Each structure stands twice: as structure tokens, then as C-alpha cells.
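Protein chains in written order, with the numbering used here: chain D, 18 to 294; chain C, 18 to 294.
Just so you know, the hints here were simulated from the structure itself, not pulled from any lab data. These figures come from a predicted structure and were not determined experimentally. One or more of the hints may lead you astray.
One copy or two, it doesn't matter: identical chains are merged, so the pair holds either way.
Listed next, the in silico DSS-like pairs over lysine-lysine satisfying Cα-Cα at most 30 Å (straight line) [claimed, not checked]: (1) K282 to K209; (2) K213 to K282; (3) K209 to K139; (4) K139 to K213; (5) K139 to K282.
Protein chains: 2
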Amino acid sequence: MTIPPLYRPIGVFDSGVGGLTVLQALRRRLPHRDFYYLGDTARVPYGRKPPQMVVEFAIGIGDFLCGLGVEGLVVACNTASSVALPPLTQRAPVPVWGVIDPGVEAAIRVTRTGSVGVIGTKGTIGSGSYQHRLEARGLRVWSQACPMLVHVVEEGLAESPEAELLVRQYLAGRPEMDALILGCTHYPLLRKVLQKAVGEGVSLVDSAEVTAETVSANFDRPPRTFELGRVVHFVTGDPLAFAHTAAVIGGVDGEIVPLPVAELKAPSSEVLAEPRS
Amino acid sequence: MTIPPLYRPIGVFDSGVGGLTVLQALRRRLPHRDFYYLGDTARVPYGRKPPQMVVEFAIGIGDFLCGLGVEGLVVACNTASSVALPPLTQRAPVPVWGVIDPGVEAAIRVTRTGSVGVIGTKGTIGSGSYQHRLEARGLRVWSQACPMLVHVVEEGLAESPEAELLVRQYLAGRPEMDALILGCTHYPLLRKVLQKAVGEGVSLVDSAEVTAETVSANFDRPPRTFELGRVVHFVTGDPLAFAHTAAVIGGVDGEIVPLPVAELKAPSSEVLAEPRS
């Protein structure tokens, strides 16, 4: 008797719509797998919230998705990956991936001069998560928080004068480098403007793509006879507003389910302080 | 026998935290009155949503606040005031004020040359609501949508290089004028940067202040022996996130009550199309 395999869904979460770029990259590589996507739009943005607050959000979301029986958890948000990956990994009964390590590895692969840059939200850059990892591997790192770039993308202004102005301002102080990590899931949509600002000699490292590459290698691929995978999107804010903003990032393909924030209650801080052994 | 008067609360609503500037201005003038404030943070921003969608949001919110027995309704959001004031006024059993007409009157009072400017969200500027009213009164009007300025304020960057860059860009094409209407409740927080950009010869018209002036003239003031008025804030998104963003605008003084968006269901479009007589 041959028992046909059953595949559990893969959980992906982000503070809002940005992680849809990671989800799209994952689905291109694992088209027959099912996904749960959770966009915490009621509490977006994470980028300038205190780290401990973001940790609590991430733990609550991780518990929720693991409770649905996911086979693995992808933190498709640079801010949450920067501050919440260790506690999430300790807590979750399944493998957990963030977007930082894949981005770091990709930057190491592409740089020839050893000088790289990284841009992201205040939370991501402030945590030093990219910088510490890159420096530990012997690279010279320039970093810059770009708080307005998420909004430029979500306003549908990725190729506008506003985008060009802000990008030029944020990159004005950079030294010589040959790779720039896009440390925020929204930034790949600014690729054109960013490439123009840094010049063709600098490789842009898209963490969404490299994360999907790393993560997908860890999951079995159902045979082609399987139907194309489905996605359920949980949204803590208004579903219509989510779909409206998501249109800027290529839209939503699948069901959108409203999820009250109260369902994502993280355990008390005491429990958070004492990770499960 | 003297019957002591009882004062019903006044309802104020906005898509998010911006209307708190109007609420603050109202409370300075009516310190002993109670207010309900509703911030529709689950569906913010309104500025780039289709007008009919904003009308439905506004009707749902108006019905909710009127159901709580308010004595009057203040639409403290330029986008909603621009597109939803006629249907709201027809529907509500109490007086309704927006922020457009007070801003227009104030601009007419201060201009000497008859040339004025107005800046706002895409929704506000696209509706032409300021421009039509001002032109009907014989003024020359220059207008400009400034979609990024709300985000600059909410990121706490009102006095940053980003703010200066964007303001300079948005105002670059303006002709000679001697008054500029701040057609968005967030913009008064950019007053310093805006005044620097336009020069001291241009009066900035703050609709929050002039709306509060107009509205407060219509309400009885309880005697000083009354306790200071209270505010209940209803928030459709996450209460913590609301308080966090509101801190940028001077914070919240009063209770914050989570309100599911589902409680704000507007009637069907058919009902909307046929206003009550």
C-alpha cells in the first residue's frame, strides 16, 4: 500500500501587505503548496514600535499560525525578523525562518569589494541585526533607516518624484559599495529608483527573493498532479483596506479572512521572559 | 423650580488620529462639554480611497454616533468633508459640520490679493471642494495634492529633512499668493516647515482652528461649575497602535474603546442613493 502524502500549509506573516512579496516568491517556487498569510494591518507599522512590543505581536501570531498546524513559519517582515526571531524559534514546534539571514548570505555572495549597504525601517536598522551579522563575517557595512519609503510604496508612488527625492536623500551619505541590501519587503518595488540612485555597479539584494530561495529548499514539493496551492489571508485590520493597499504590490490571490487582534494575544511578559526549554 | 440643563455629547470623527487636532481645538473652546471621538484607524487612510467608499464609511460612522445621541456631528477629516457632507447632512437628525467651509471663510478673511493656495490629500484636492467654493467667491486658487505629508507627520518626522524636501517639492509650482489653506488635519503640525517654505508673507489657514471656532459658536457652554468635559475615543483599529500614533499629535486624554468595523455598517447603496426626505 502506498500512502499518498499530505502536505501541511506553510505560515507566512508580516505587519501588513509587504510580506506579500515574500509570499509571491515562495509560491513561484512551491506552486502546489498551501499557505496561510497573516497581515497584522491593525497594528501596522511595526517599523517604529518598541522592540518588546513587536516581540509580543510576533509571539501571538506565531502561536496562532502554529495552532493551525503549519509545517513551518516564515517571518516575512524585516522588523519582526530583526527582533523576534530567537524567541519565536525557541517557542515554535516547527522551523522558523526570517528574512535577515538569507539577505546576509546573498550579500556575502555578491560583494567583491567587501563593502555593502543596508537600508530598512528604524526598527530593523536600529536593531543592528544586518550590520552585526555582516561585520561578523568581515564586511564593511553602511546602514541607513528610511522611514518614509514604506509609505511611498503603499501610496502607489514607487516611481514618483517623491520616491526619487527621498531615495536620493537617504542614500546621500553612503560610501563606496558594490551591494545594497533591501532590508524591507516593500523596497523591491522601488528597485528602479534605487538602481538609478546607486548606479549599475551596485547589486541590489532583494531579501524577499533570497528568503523564498532558502525557505523553499526546506519543503517537499507536491507532484505536479496536485492542484495549485491555495492561500488564506488573515487580516487584523479591515479586509477591504488590506485588498486596496495590496493592489499596489500585485494584489491578493485567495480568500481574505478578518481576524480580531484579540485572537493573537501573546502570553504574559513573564512567560515571554522564560523561554520554554 | 429651576431645572438644571443636561448637555448631550458632541460627536467628532476622522479616519485616524488627525482629527484629534480639531478635537483639541474644540475642547479649548468648550472645556466643560463631553465628546465622542471616532478614529476609523482600521480603514485609514481615506485620502486615496474612491469617494463612494468614503461616503459609505462616513454614513456608517454618522449613524453610529447619532445613535449615541450626540447633539451635533463634526467631520474632522478633510477627505470625508469633501465628499460626504451633503449625504451626511441629509441623513443626520442633528447639525453636521465639516472642515471645508470654515477653511474657505477664513481664507477669504485673510487674503488681500485674492490669490490663495490649498494643499490636501488626493481625495480632498481631487474632489475640488475647496477650489470650487473659493472660485465661486471670486478668488484665484492654486491647489496641490500632497499624499506623503500625512505619513511624514505620523512618522514623527514633522521637522525633519524629509519634511523639508517633500514640502519644497509640493510647493515648487505655486504662483504668487498670500494665503495657504492647510486642507488636512495633519498639516498644522508641519506649520514650521510650511511657513519657512512659503515665507512670512503668506498666512497659513489652519482648518482645525477655524472649524473649532465655527462649531463652538453653535453650542451652549455649560457653566464653570460643571466638571471638565470627558472624551470617549472609539477606535476601529488596534487601541494601542492608535495611542502610539496619537502621541505624535499631542496624545489622547480620555478612554479608548475598541469598536469593530462591523458596527459601522452603512446601509445598502440603494438607501444611500435615495436620501431621506
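Okay, the hints, checked on the actual structure:
For a Cα distance limit of 30 Å, the shortest separation of K282 from K209 qualifies neither inside one copy, at 39 Å, nor across copies, at 41 Å. For the homomeric pair K213 and K282, neither the shortest alpha-carbon distance inside one copy (43 Å) nor that between copies (46 Å) is at most 30 Å. Within a single copy, K209 and K139 get their C-alpha atoms as close as 23 Å, and across copies as close as 24 Å, so both meet the 30 Å cut-off. Both within a single protomer and between protomers do K139 and K213 lie at most 30 Å apart by alpha-carbon distance, with minima of 23 Å and 27 Å respectively.
Taking the shortest alpha-carbon separations for K139 and K282, only the intra-copy value of 25 Å comes in at or below 30 Å, while the best inter-copy value is 36 Å.
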